[in-house]
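Number of protein chains: 2
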Amino acid sequence: MQSTLETILNHRSIRKFKNTPLTSEQIDTIIDAAQHASTSSYMMAYTIIGITDPAKKEELSRISTQPYVKQNGHLLVFCADLYKPISKASEEEYVKMLPNLENSEHFLVSSIDAALAAQNAALAAESLGLGICFLGSLRNNMGRVDELLHLPKHVIPLFGMAIGVPDHQPEIKPRLPKEAVYFENEYRHPQNEIDAFDEKISAYYQSRSSNQRKDTWSDQMRRRFLKPIRMDVTDTVQQKGFNKR
Amino acid sequence: MQSTLETILNHRSIRKFKNTPLTSEQIDTIIDAAQHASTSSYMMAYTIIGITDPAKKEELSRISTQPYVKQNGHLLVFCADLYKPISKASEEEYVKMLPNLENSEHFLVSSIDAALAAQNAALAAESLGLGICFLGSLRNNMGRVDELLHLPKHVIPLFGMAIGVPDHQPEIKPRLPKEAVYFENEYRHPQNEIDAFDEKISAYYQSRSSNQRKDTWSDQMRRRFLKPIRMDVTDTVQQKGFNKR
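Here the protein sequences line up with chains A and B, keeping their order.
Just so it is clear: in the first sequence, position 162 is 162 by full-length UniProt numbering, and no numbers are missing.
Just so it is clear: in the second sequence, position 130 is 130 by full-length UniProt numbering, and no numbers are missing.
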């Protein structure tokens, strides 16, 4: 039996899985765990879609450009869902609800609800000896994922999660030092800590067992932020009734 | 030693804490756990602020209207943070980065990063025998929380977390049935499951040990969504450089 802290501290993203499908008991345990997370004002504003259709898995893998979206033990897509909480509203009530459904507050509420549930799912899977990888890469084409899953208005796909029996054992990736993440009472720009981390990560990238390269964290971030990415998410989200006002 | 699944399945939000401050070891364990969560493209796009200043705790408690924001073992505020990843950018680079910093994609990325870290923190605390409560209520005045914590541009407060030794033991709150949360391959409107849940929750509210009332889940959601709430979050977030395009 693995303790909670052991599970948490042992996390590394798994990007290569054995060809062993999850059992329905494993899936049930993972979903049950997800549902036990906190939820804002009892809204339970999320939905999880498990992908078993090989054609859909194939297309989601193409969208993400990652082979492990197709080759895994199971694939989940976590969605923000404001539809279920208001599904019994009359037409007249629905119109009055639009300011809430469409504001940034409820875009946040539903995204955070989905993420809390997903992290419980991840830890439950890991405690069963499985590995996981979050898949923000489904947002490479959020609109197409939305169509594939037949999501109604006020439901959007946020990210996926590949789960399965690990077929590699990557190192645990270093994190920024605690002093750059946790402050007391007010923000402090952690310039020295980021400098030290850049040196540490440079050594890590040059010494790790695979994918060696010369790089720092700040350079990696610089490259990422310089090129506009997923600018279509804004429109897709708004077309689905989120984040409009 | 509590297993991961025991910790997850035993969660209930705690809203009354004993007057016992967390030790610095407990805080370190919780922050370390938070940092081990997955993070999108290695951005680590969040910051955690621990509140020890009694005057700040007092004001945050007033904003949230909840006494347990003041009376607890420790109080954390989780922030979305796109500032650290780009803090070494030149002025010229910064201007080129604005499309990413300001789009909905990175509003999502940073909010989800913060939520994954927070759920790890919650479970770590619970595994130490502590209780927690998420505090979306800090968004009652996100702008004032932002000022109090002296957050720079591209950093916003998302939610708080009260942590401490529980001084009550509420029931675990029922959740929608799995069949209303988990679907295969495509969305399905779970009308029957929501109807059955409304009956169940009505019985729960009438029979629980405190705060008995006559209510259903759908009615509770109807009341909540009919009244516009936190419409100012949209502007505050945009003034801080998030979610503008």
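Accuracy of the hints is not assured; some may be wrong.
[As the list claims (entries may be wrong)] In the PhoX-like style, the derived pairs of lysine-lysine whose C-alpha atoms are separated by at most 25 Å in a straight line are:
1) A:Lys153 to A:Lys173
2) A:Lys57 to B:Lys227
3) A:Lys96 to B:Lys214
4) A:Lys178 to B:Lys56
5) A:Lys227 to B:Lys153
6) B:Lys57 to A:Lys88
7) B:Lys227 to A:Lys153
8) B:Lys88 to A:Lys178
9) A:Lys178 to B:Lys178
10) B:Lys56 to A:Lys244
11) B:Lys57 to A:Lys227
12) A:Lys178 to B:Lys153
13) B:Lys173 to B:Lys70
14) A:Lys153 to B:Lys214
15) B:Lys214 to A:Lys88
16) A:Lys214 to B:Lys88
17) B:Lys227 to A:Lys244
18) A:Lys96 to B:Lys227
19) A:Lys88 to B:Lys178
20) B:Lys88 to A:Lys200
21) B:Lys70 to B:Lys88
22) B:Lys244 to A:Lys153
23) B:Lys178 to B:Lys153
24) A:Lys88 to B:Lys96
25) B:Lys214 to A:Lys244
26) B:Lys56 to A:Lys56
27) A:Lys227 to B:Lys178
28) B:Lys18 to A:Lys173
29) B:Lys96 to A:Lys227
30) A:Lys88 to B:Lys56
31) A:Lys214 to B:Lys96
[Claimed, not checked] Cβ-to-Cβ under 10 Å is the rule here; a few derived chain A residues that face chain B:
32) Leu9
33) Ile63
34) His106
35) Arg222
Keep in mind that the hints were calculated from the coordinates and are not lab data.
Positions of the beta carbon are idealized from the N, C-alpha and C atoms, including for glycine.
Report task. Hint by hint, work out which the structure violates, then give me just those numbers in ascending order. Result -> Failing hints, ascending: 1, 2, 6, 9, 10, 11, 14, 21, 23, 24, 25, 26, 27, 28, 30, 33.
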